[in-house]
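Asks: We have chain R; now place chain Z onto it with these hints.
2 protein chains.
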Amino acid sequence: MNAAFERIDLPPEEIPPRWYNVLPDLPRLPDDMIDPQTEQPVTQEYLEQILPSALIAQDRSLERWIEIPPEVKAAYRLWRPTPVFRLNALEEYLGTPARIYAKYEGGSPSGSHKLNSALAQAYYAKRQGIRRLVTDTGAGQWGTALALAGALMGIEVQVFMVKASYQQKPYRRHLMETYGATVLPSPGPTTEFGRRILREEPNHPGSEATAVSEALEVVRADPDSKFSMGAFANHVLLHQTLIGLAARKQLALIGEEADYVVASVGCGSNMGGLALPFVHDKLSGSDVQLIAAEPSACATLTKGEYRYDYPDATGSGPLTRTMTLGHDFVPPPIHSGGLRYHGAAPLIGLLRNDGLLDARAYPQTEVFEAGALIARLTGMLPAPESAHAVRLVIDLARDCAAASKPATILFCWSGHGLLDLAAYGRYNAGDMRDVEDFEADELSRAGLAAMAAV
Amino acid sequence: MNAAFERIDLPPEEIPPRWYNVLPDLPRLPDDMIDPQTEQPVTQEYLEQILPSALIAQDRSLERWIEIPPEVKAAYRLWRPTPVFRLNALEEYLGTPARIYAKYEGGSPSGSHKLNSALAQAYYAKRQGIRRLVTDTGAGQWGTALALAGALMGIEVQVFMVKASYQQKPYRRHLMETYGATVLPSPGPTTEFGRRILREEPNHPGSEATAVSEALEVVRADPDSKFSMGAFANHVLLHQTLIGLAARKQLALIGEEADYVVASVGCGSNMGGLALPFVHDKLSGSDVQLIAAEPSACATLTKGEYRYDYPDATGSGPLTRTMTLGHDFVPPPIHSGGLRYHGAAPLIGLLRNDGLLDARAYPQTEVFEAGALIARLTGMLPAPESAHAVRLVIDLARDCAAASKPATILFCWSGHGLLDLAAYGRYNAGDMRDVEDFEADELSRAGLAAMAAV
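Those protein sequences? They're chains R and Z, same order as listed.
Counting in the working numbering, the first sequence runs from 18 upward without gaps.
Counting in the working numbering, the second sequence runs from 18 upward without gaps.
Please note: incorrect hints may appear among the correct ones.
Identical copies look the same in the list; a pair holds intra-copy or inter-copy alike.
In silico EDC-like cross-links for lysine to aspartate or glutamate, where the CA-CA straight-line distance does not exceed 20 angstroms [what the hints assert, rightly or not]:
{"no.": "1", "residue 1": "Lys90", "residue 2": "Asp26"}
{"no.": "2", "residue 1": "Lys90", "residue 2": "Glu23"}
{"no.": "3", "residue 1": "Lys266", "residue 2": "Glu31"}
{"no.": "4", "residue 1": "Lys422", "residue 2": "Glu108"}
{"no.": "5", "residue 1": "Lys299", "residue 2": "Glu273"}
{"no.": "6", "residue 1": "Lys266", "residue 2": "Glu23"}
{"no.": "7", "residue 1": "Lys90", "residue 2": "Glu30"}
{"no.": "8", "residue 1": "Lys320", "residue 2": "Asp451"}
{"no.": "9", "residue 1": "Lys320", "residue 2": "Glu383"}
{"no.": "10", "residue 1": "Lys299", "residue 2": "Asp276"}
{"no.": "11", "residue 1": "Lys422", "residue 2": "Glu274"}
Please keep in mind that the hints were generated in silico from the structure rather than gathered at the bench.
One chain only, chain R, in its complex shape (with noise of 0.2 angstroms):
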């Protein structure tokens, strides 16, 4: 009965008081992003109709450090400093000579990391006088983790939610509107998008695109309304560097560094917030390398290309360069709704270009093995996406067993998965199927149908 585990702690005050803007310290910069409809660079005025004043700057700032203001840190002490393990247990299990961390985020009352960046978004609000944030969400990790935020910081939130979603899987619905959010599903009859959908196809399920494209209609007719996005923004990935920055201190109590920094990647917001403080150790000579783990069925960094694309499935959002699978790819259904994106954030997207961050791809059985595993070495059980991580450090650890070389690595454990334990009791079950199986046919309705449903 060795211990399963080792826990390194911070003191709470040795939390960052700042987070780490990558910008200054890249080599370039990502290109600009281009308004659609004047075939220009998005103007301060496109922006500021969208988004808060406060998060327009950081999206663009070159400053390295930002202040986290005061009422954030506050906030983030519900359940910051986030502990990290090293799994002693399944080091022994894999015997391997590697030393392997998990940054735990699923500590969080919202289940995952997406807290970092939802408080800070609604303080910045907040504190413009805006009324209200109105966002999209898939099967509710985001839309959950902004409800909350609004909830403690004092601001209305709408979120609109893919209709499959909210009709099949209600109970992050049922916990947003605790937190007193307004969810609607869309496609709905509130907004012009929505009723021209319904009016086409009134049985439409929704997707992450039609949700998108309504949040804006909202707040582009509403000058007290603001859009709020769960990752892709520079400023998202921003406010999670709180990760990676606590992550290393605590590696450094313990006299360790990171030879090895993996994150899943949906659109990067994790993997952004643990590895954007190792690219300044990287670019000033270190070893350690970045790398990603994905779904194969969404696989934007190994199988996408590094070109201008819209955010968003209907071709409304600005032009952005980042690696993309095309923005009329519809992922099929797999498990991991938070990773079914076609997009990289541009942060990522120019990393993985230029050599920076390296990606593997994983179908979802291995990653759901990889998930159980883990949850009975070290009694935490893994959000499916987070599980794509553990996945990626099993291959790594096992490569280091087979050289005889010991590494450090450590991993981001984005989330929880107490709300995906349908999808254990199908892979328990025997029941489940990788991507691969399914007929191409089968994809382009169920994909369209299922589209964060599962």
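Replies: Relative to the frame of chain R, chain Z by itself:
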């Protein structure tokens, strides 16, 4: 935007190294348990057939302090030390001069305080060379904790789960199975008792009573298997004293002492865990008041009697003197499955009978109102069981406001409500009923059908 809360952390090195055993400090001991066969006090032999030896010794120990084994202490680090939160936003909302502190146990990977005892029980069983622990579970909170503990300590776990829950609420079953436990619906065909019930009534939905009976049958037939309890026994409350010992230290860190100590009570494990360390203070002349919150649908402490009764509905277990509603009382369906038990733990019954513990009962609509309120004010969703304590705290704080009397209220936030979102959804939709609305004849059958299934 004042901070909604203030967090008081216990430094990890201050985690209590010993459990507190209240027995030597009580004015009198609980009465002996009686073997219904012999009508004599239960023998060591009777107990050893059922329980690991170390736990039998703890049940009867008169040592005030019992050392926590290093292996158990190491496992507690998975989520301990747990925070105490001062709930400023709740105080402000209530306009009370009371200071309200929550000891938050919902951060455990099984979701509640139950893991404190599960890890200890799995450890002692493993050390004794026992191959397997067998237990009963209703909706699954206890079964989940024991399954997790079994995975970490390396001992098999078999769980008899009330059939209605097994079929209709499979999420915790999936979690137990992911941890590697064997979960069987009760009644089921693997035991003589189960087969007999199924012959009489093939669609019997099961109850805690059938699950306990099947578990005991397995244990009595297999010397390598022992029974494990999630509440009731003295040793379970002993393991939970970690909660109160730590909370008292945390209050002391900020110069506070509790005037009121509050917890929900089903059988009494989190109440005992929080309150027993304060019994010593109370008996030494402190004015601290201990108050239990229970459901009016199963009002053991406010409507029960202190007398000998069976702990199980079939009347096979040892006769035990405690507060009871009668072993044939079938609690009507409410959403707090963890509080639907006819009797209190003997220690809790004794405290109640002897005037050391006060109690109040609440209908579930009031409980969910309190739960939703505190979720909005703090960002954390309480389990319905824990929301009973919140409901009582609100009463106390309002009394303090009415009397302009400052007071320090400490309560146990025993678990999170993420697997109870269907019930919150029902509350949000206005579809929740108090048990008082049920017709008497609706209860007799529905009560059994829904035992622990709600």
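Asks: A separate judgement is required for each hint: does it hold in the structure or not?
Replies: Against the structure, the hints come out as follows:
In this assembly of identical chains, Lys90 and Asp26 lie within 20 angstroms of each other by CA distance both inside one copy and across copies; the values are 18 angstroms within and 16 angstroms between. With identical chains, the CA atoms of Lys90 and Glu23 are at most 20 angstroms apart between copies only, with a shortest distance of 12 angstroms across copies and 27 angstroms within one. Proximity of Lys266 and Glu31 under a CA criterion of 20 angstroms is satisfied intra-copy only: 8 angstroms inside one chain copy versus 22 angstroms between copies. Taking identical chains as interchangeable, the C-alpha atoms of Lys422 and Glu108 lie at most 20 angstroms apart only when both belong to the same chain, with a minimum of 13 angstroms there against 56 angstroms between chains.
In this assembly of identical chains, the alpha carbons of Lys299 and Glu273 lie at most 20 angstroms apart only when taken from the same copy (16 angstroms versus 48 angstroms across copies). Taking the shortest alpha-carbon separations for Lys266 and Glu23, only the intra-copy value of 16 angstroms comes in at or below 20 angstroms, while the best inter-copy value is 24 angstroms. In the homo-oligomer, the alpha carbons of Lys90 and Glu30 lie at most 20 angstroms apart inside one protomer (11 angstroms), although the nearest pairing across protomers, at 25 angstroms, exceeds that limit. With identical chains, the CA atoms of Lys320 and Asp451 are at most 20 angstroms apart within one copy only, with a shortest distance of 17 angstroms there and 55 angstroms across copies.
For the homomeric pair Lys320 and Glu383, the shortest alpha-carbon distance inside one copy (19 angstroms) is at most 20 angstroms, but the shortest distance between copies (54 angstroms) is not. Taking identical chains as interchangeable, the C-alpha atoms of Lys299 and Asp276 lie at most 20 angstroms apart only when both belong to the same chain, with a minimum of 10 angstroms there against 55 angstroms between chains. In this homomeric assembly, Lys422 and Glu274 come within 20 angstroms of each other (Cα to Cα) only inside a single copy, at 15 angstroms, whereas the closest approach across copies is 54 angstroms.
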